[in-house]
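Engineer: All chains, please: the whole structure from these sequences, using the hints.
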Amino acid sequence: MIALAFGTHLIATALVAGALFFAAAILPGHPAPAASGREWLDDALARLVAFGLGATAITALLWLWAAASEMSGQAWIQAASVIPKVLIATHFGHVWLARLAAMAVLAGLLTVNRPPNSRLRKGIAAVFGLVLLVSLAATGHAANDSRGMLVQGVHLLAAGIWFGGLWALRLALLSTGDTGFAHRVTERFGFVALFAVGVIAVSGVLNALVHAPHASMLLGTDYGGFLIGKTVLFAAALIFAAVNRWGFLPRLAGESGQGYAHLSLVRSVATEAIIVMMILLLAGFVATTPPPHG
Amino acid sequence: MISKRGVVAMLIAVLSVIGANGASAHAFLDRADPAVGSAVTVSPKEVRLWFTEELESAFSTLHVVDGAGHTVDGGDGRVDASNPTLLRISLRALSPGTYRVIWRVLSVDSHTTEGDFTFDVKAGEVKAAP
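Chains as they are written, first to last, in my numbering: chain R, 1 to 294; chain L, 1001 to 1130.
In case anyone wonders, no lab produced these hints; they're calculated from the structure.
Here a beta-carbon is modelled for each residue, glycine too, at the ideal position from N, C-alpha and C.
Be a bit skeptical, because a hint or two may be false.
Residues from chain R that face chain L, not an exhaustive set, calculated with beta carbons under 8 Å [said to hold, decoys possible]:
id: 1; residue: Ala67
id: 2; residue: Met71
id: 3; residue: Ser72
id: 4; residue: Gln74
id: 5; residue: Pro84
id: 6; residue: Lys85
id: 7; residue: Ala89
id: 8; residue: His91
id: 9; residue: Phe92
id: 10; residue: Gly140
id: 11; residue: His141
id: 12; residue: Ala143
id: 13; residue: Ser268
id: 14; residue: Thr271
Between beta-carbon pairs, the in silico distance windows are [stated by the list, open to error]:
id: 15; chain 1: R; residue 1: Val112; chain 2: L; residue 2: Trp1050; range: 15 to 23 Å
id: 16; chain 1: L; residue 1: Gly1115; chain 2: R; residue 2: Leu263; range: 52 to 60 Å
id: 17; chain 1: L; residue 1: Ala1068; chain 2: R; residue 2: Ser216; range: 24 to 32 Å
Structural biologist: As structure tokens, then:
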């Protein structure tokens, strides 16, 4: 249960962080022509972030409850009474409270500034979203080791930018029939996503080497199975990313309005995002399963 | 656009933070005193368990029972204040027999592990620890 609670919390947090980053750093700074549906897009992105933040808060509570059950060895109902002790007396509880405060600040920022209408405000919101995501590194396997925590933080950061950015990109593509705008946004995100994917691969390998220095340690263990599952899904997502970048994107230039390549790109981006979501869910199991102990 | 130099710099930065001493994650029993499965001739004053990770004292427990399941510890199991990887508990004077040490710990990475082991106090040679 704690794996599901953490996995869904990771998905929600990554959605918020990535969508805010997309709005601040990927979308062109100057409003696109009215035909691009920029007003609709800003509103849709605000609703996406609000949904993600609500899901982040709900899943954070479930995660806390599941953690209290796991820590105390008590069933869910009884574990509710242990939650104050978890919050006050454990490292996990302290990080959880700090993250709750960050969530509240972010919710406040987005409420008084909805949708964010300046580059600076978008940037501040994005920083809070990314901090909320990266802080998860302080609660998992890496919590005992500062270097491991740094690598895990970088891993989470890149994953969030990729995952949340994909959902935001889908909205950006749906918002417009302007193929120039669609091409520009997709290309900008493509460069960032390529970098993020590289970081995910390198930091993921480093994380795996820390917990299982020999490949043989992954075979026949739950931890290894989840890690191999993540790797297979990662490879599948890369195939969709490559098709989007080098298949559909060049064909956008030859279209006007939301043509075949444009709509195919929207579908393919959504598929890639769903695969990445499955990876994040599996990450919940990796983070809560004991690594091989050699 | 990302330059090749940027990618290389990023890789170096990430690689530089990794050393040979990674965290194993989850607290596993590293060693114990009395040792796992050992036989002692002196009734130990306490049981000490060292783990591979730092422990959360709020949810880390330790107790010792005799062959009949009766508690023989002092009920003061705690994480050592100066060494967060050490869990210790005092013992009453033990008579010859087999004793079981039962532990359940929470490491700071918020994961629990549990286990148990036995040690023997040998008959005929028992004397109180100094």
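Engineer: So, for every hint listed, does it hold in this structure?
Structural biologist: Status of each hint after checking the structure:
The beta carbon of Ala67/R comes within 6 Å of a beta carbon in chain L, closer than 8 Å, and the hint placing it at the interface holds. The interface hint given for Met71/R is met, as the beta carbon of that residue sits about 5 Å from the closest beta carbon of chain L, less than 8 Å. Taking 8 Å as the C-beta contact cut-off toward chain L, the hint placing Ser72/R at the interface holds, the least distance being around 6 Å. At a threshold of 8 Å, the smallest CB-CB gap from Gln74/R to chain L is about 11 Å, leaving the interface hint violated.
Interface hint at Pro84/R: violated, since its Cβ lies 11 Å from the closest Cβ of chain L, which is beyond the 8 Å cut-off. Because the beta carbon of Lys85/R sits about 6 Å from the nearest beta carbon in chain L, less than 8 Å, this interface hint is met. Nearest Cβ of chain L to the Cβ of Ala89/R: about 4 Å, under the 8 Å cut. The hint holds. A hinted interface residue such as His91/R counts as satisfied when its beta carbon comes closer than 8 Å to some beta carbon of chain L; here the least separation is about 4 Å, so the hint holds.
The criterion of a C-beta within 8 Å of any C-beta in chain L is met by Phe92/R, whose closest approach is roughly 4 Å, and the hint holds. Checking Gly140/R against chain L by beta carbon gives a least distance of about 6 Å; that is within 8 Å, so the hint holds. Satisfaction of the interface hint for His141/R is found here, the shortest Cβ-Cβ separation to chain L being roughly 3 Å, below the 8 Å cut-off. The interface hint given for Ala143/R holds, since its Cβ lies 4 Å from the closest Cβ of chain L, which is under the 8 Å cut-off.
Here the hint on Ser268/R is broken, as its CB sits about 23 Å from the closest CB of chain L, past 8 Å. Annotation: Thr271/R was flagged as interfacial toward chain L, and the flag is violated, the nearest CB pair being 25 Å apart, outside 8 Å. Separation of Val112/R from Trp1050/L is about 52 Å and departs from the stated range, judged on CB atoms against 15 to 23 Å. Separated by about 57 Å at the C-beta atoms, Gly1115/L and Leu263/R satisfy the suggested range of 52 to 60 Å.
A C-beta distance of roughly 43 Å is found between Ala1068/L and Ser216/R, which places it outside the suggested range of 24 to 32 Å.
Of the numbered hints listed earlier, those contradicted by the structure are 4, 5, 13, 14, 15, 17.
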